[in-house]
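Put the two chains together into one complex, using the hints given.
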Amino acid sequence: GDSVTQMEGPVTLSEEAFLTINCTYTATGYPSLFWYVQYPGEGLQLLLKATKADDKGSNKGFEATYRKETTSFHLEKGSVQVSDSAVYFCALTTFSGSARQLTFGSGTQLTVLP
Amino acid sequence: SQTIHQWPATLVQPVGSPLSLECTVEGTSNPNLYWYRQAAGRGLQLLFYSVGIGQISSEVPQNLSASRPQDRQFILSSKKLLLSDSGFYLCAWRGTSRLGPGEQFFGPGTRLTVL
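Note that the protein sequences, when read in sequence, are chains A and B.
Using the numbering used here, read the first sequence as starting at 50 and increasing by one per residue.
Using the numbering used here, read the second sequence as starting at 25 and increasing by one per residue.
Everything labelled a hint here was simulated from the structure, so no lab data went into it.
Idealized CB from N, CA, C, for every residue including glycine.
Among the hints, a few may not be true.
Stated by the list, open to error - Not close to chain A: a few residues of chain B, all C-beta gaps over 10 Å, as computed: (1) Gln30; (2) Arg61; (3) Pro132.
Claimed, not checked - No farther apart than 20 Å at their CA atoms in a straight line, the calculated lysine to aspartate or glutamate pairs in the EDC-like style are these: (4) A/Lys109 with A/Glu91; (5) B/Lys103 with B/Glu127; (6) A/Lys101 with A/Glu125; (7) A/Lys101 with B/Glu127; (8) B/Lys104 with B/Glu50; (9) A/Lys109 with A/Glu65; (10) A/Lys109 with B/Glu127; (11) A/Lys105 with B/Glu127; (12) A/Lys105 with A/Glu118.
Same shape as in the complex, but just chain B (with noise of 0.2 Å):
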């Protein structure tokens, strides 16, 4: 069966300190990958998106990236954190084939506080 893994699980992190955040899958191949921000009380935001390794695409301008560079294995980074970048960060991936509903499976999540 397959699992989704994030870490780690809780972060508080100085302004402008650097950001490493990474996502791991199991038991699956040429996973679909996507990060999502949740702020306090609000919905999901896609940040970015990976159909393939070294494939990112970016869904909002920001002051963060995204890397891929293993086939299950998904890291988001900053090079300087802002206030604004605290919030709960989600990890998910889906299945590549065009058949099946599409559902994403999403990791525990990363609570980040930047102080």
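In isolation and in its complexed conformation, chain A is listed as follows (with noise of 0.2 Å):
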């Protein structure tokens, strides 16, 4: 079956330090690939996709690319900020089954000191 695997958490870092969360996939199909972030105490909200290989995803600084030859998909940011903290996950899901379901990592907690 399909799988996420994300580098194992916690992440401490100082502000304006360059950001990298690993992750990698296994998947019957070829899969869409999501970054979600959860704030503290809400829901998660997308983040960036891509849906092919070397396929860009972007948004808020974040960037991370779709890697097919080593089924990656690393999120990175350049410069975070102490409002960066937060959970990511990521998560994928291909055409397979009537309902399209996500299948997510276990989550990497970052913290992002002033």
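Right, dumping it as structure tokens:
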């Protein structure tokens, strides 16, 4: 079955540091890939997405590139802010199944210190 | 634009009491609907999904049930809550077109504490 593996957290960075959160996947089909962000006490928000190989999703200074050859979708940001402190989830979906379920990674807690 | 609502936002219930959580979606028709649970410090667990009125698929056998009485309404229920039912419950929706990336959009969640 499909699966997503994220780097274990928590991750603690100083403001303006470079962020990388690794995400790799296995999928039976050709998946679409997503990053979601969850701020404390809130639901998940879609951060960015990519639907085919070499696509780069970007939003709010975050980027991730769909790498089919390495089955990866690593999240990066050049300069993090305190407001980026949240839990980040990598996820995928394929065209199989009637409900096109999302498969999530376990989440990575990011804390950014001033 | 589409919006998704969940209520209540927080709930504290005694063990053995019933539960009803509600989720409604506005601005779309015939969405796929999902219930997830997030235990403290853990990832997301898919509980139920629905592709239409009265159609419920259960992913994990447990103390909970779901119903979809209307197109844009999804209800999570229990007859008798357990301590292990505590968690953060999230409802999500997705459009039914096979085109597009297939992302889901989440509600604000309900924090349930069973004492």
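Each hint, compared with the structure:
1. Annotated as non-interface, glutamine 30 of chain B brings its C-beta within 10 Å of a C-beta of chain A; the closest such distance is 8 Å.
2. Chain A leaves arginine 61 of chain B outside its interface by the beta-carbon criterion, the shortest separation being 12 Å against a cut-off of 10 Å.
3. For proline 132 of chain B, the requirement that its beta carbon stay farther than 10 Å from each beta carbon of chain A is not met, with the minimum near 5 Å.
4. A threshold of 20 Å between alpha carbons decides the hint, and for lysine 109 of chain A with glutamate 91 of chain A the separation of about 18 Å falls inside it, so the pair holds.
5. Proposed proximity of lysine 103 of chain B and glutamate 127 of chain B is contradicted: the alpha carbons are some 32 Å apart, above 20 Å.
6. A C-alpha spacing of about 18 Å is found between lysine 101 of chain A and glutamate 125 of chain A, which places the hinted pair at or below 20 Å, so the restraint holds.
7. Restraint check: the Cα-Cα separation between lysine 101 of chain A and glutamate 127 of chain B comes to about 14 Å, which is no more than 20 Å; the hinted pair holds.
8. For the suggested pair lysine 104 of chain B and glutamate 50 of chain B, the alpha carbons sit about 30 Å apart, so the restraint of at most 20 Å is broken.
9. For a cut-off of 20 Å, the pair hint linking lysine 109 of chain A to glutamate 65 of chain A stands: about 14 Å separates their Cα positions.
10. Our distance criterion of 20 Å between C-alpha atoms is met by lysine 109 of chain A and glutamate 127 of chain B, whose separation comes to about 18 Å.
11. Between the alpha carbons of lysine 105 of chain A and glutamate 127 of chain B the distance comes to roughly 16 Å, so the proposed pair stays at or under 20 Å and holds.
12. Proximity of lysine 105 of chain A to glutamate 118 of chain A is assessed by CA-CA distance (about 15 Å); at most 20 Å being required, the pair is judged to hold.
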